[in-house]
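Visitor: Quick mapping for you: the protein sequence lines, in order, are chains Z and C. The letter at position 12 of the first sequence is residue 12 when you use my numbering, and the numbering goes up by one with no holes. Add 1000 to a position in the second sequence, counting from 1, and you land on the number used in my numbering.
Derived by calculation from the structure, the hints in this document are not laboratory data. Heads up, a few of these hints could be off.
Once the Cα atoms are required to be at most 25 Å apart in a straight line, the calculated BS3-like pairs of lysine-lysine come out as [stated by the list, open to error]:
1. Lys1057(C) - Lys1069(C)
2. Lys71(Z) - Lys18(Z)
3. Lys1042(C) - Lys13(Z)
4. Lys1058(C) - Lys1078(C)
5. Lys1069(C) - Lys1058(C)
6. Lys3(Z) - Lys1069(C)
7. Lys1042(C) - Lys3(Z)
8. Lys71(Z) - Lys3(Z)
9. Lys57(Z) - Lys70(Z)
Computed from a predicted structure; not experimentally measured.
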Amino acid sequence: DVKVTQSSRYLVKRTGEKVFLECVQDMDHENMFWYRQDPGLGLRLIYFSYDVKMKEKGDIPEGYSVSREKKERFSLILESASTNQTSMYLCASSYLGFTLEKLFFGSGTQLSVL
Amino acid sequence: ILNVEQSPQSLHVQEGDSTNFTCSFPSSNFYALHWYRWETAKSPEALFVMTLNGDEKKKGRISATLNTKEGYSYLYIKGSQPEDSATYLCAFKGTGNQFYFGTGTSLTVIP
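Kindly produce the complete structure, drawing on both the sequences and the hints.
Guide: As structure tokens, then:
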């Protein structure tokens, strides 16, 4: 089975801190995604990557950056955490170019910024 | 940003009841419609990936239908069980690279 692992289940940070959320997948997937989930809103895409060192902005990239130095790892960086970035963050991966590619998700990181 | 809507927002049913919920999405530039089940403290897991108008998929007691011309999909659960309690998400994929998710339907099955 595909495994997508997020480094932390719960994280508490202070306003202004630089925060790294790590995601690793073990199935050689090309695509990797970072979403955030907030009450009353659907999963919203922050960034995605379809190859090493490639990235594209999603719908809400402001305040975030990403890094993909190796195929299996996709990092989300909050340059200066703010309280409005308190959220559940989900990482996902998928194959590139298959008609029926489905997303494989990590179990999420609940980030609280105080 | 595309609008994907799910209804109802939440649902409580008795064990053994059958239930269904709706996902509405844009009818243009359709590529695929996904359904995911997200249980508390677990990862969302794919239930179905549907691409063709009129598609019907089934997995055990859960089935889904797709109407791309009018932009909706139904998810049905027959004889609900407590282990079916979860949030059910649909995701629309157009011809671009992104998936657009609905807000989900939270299902609680009461024993």
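Visitor: Take the hints in turn and mark each one as holding or not.
Guide: We went through each hint and held it up to the structure:
The straight-line distance between the Cα atoms of lysine 1057(C) and lysine 1069(C) is roughly 18 Å, inside the 25 Å bound, and the hint therefore holds. Between the alpha carbons of lysine 71(Z) and lysine 18(Z) the distance comes to roughly 23 Å, so the proposed pair stays at or under 25 Å and holds. The suggested pairing of lysine 1042(C) with lysine 13(Z) holds, with an alpha-carbon distance near 23 Å, which does not exceed 25 Å. The hinted pair formed by lysine 1058(C) and lysine 1078(C) meets the criterion: a straight-line CA distance of about 11 Å does not exceed 25 Å.
The hinted pair formed by lysine 1069(C) and lysine 1058(C) meets the criterion: a straight-line CA distance of about 21 Å does not exceed 25 Å. Only pairs whose Cα atoms come within 25 Å are accepted, and lysine 3(Z) paired with lysine 1069(C) is rejected, the gap being roughly 35 Å. A distance of roughly 12 Å separates the Cα atoms of lysine 1042(C) and lysine 3(Z); the hinted pair therefore holds under the 25 Å criterion. Proposed proximity of lysine 71(Z) and lysine 3(Z) is supported: the alpha carbons are some 14 Å apart, at most 25 Å.
Annotation: proposed proximity of lysine 57(Z) to lysine 70(Z) holds, straight-line Cα distance about 19 Å (limit 25 Å).
Violation of the numbered hints given earlier is confined to hint 6; every other hint is satisfied by the structure.
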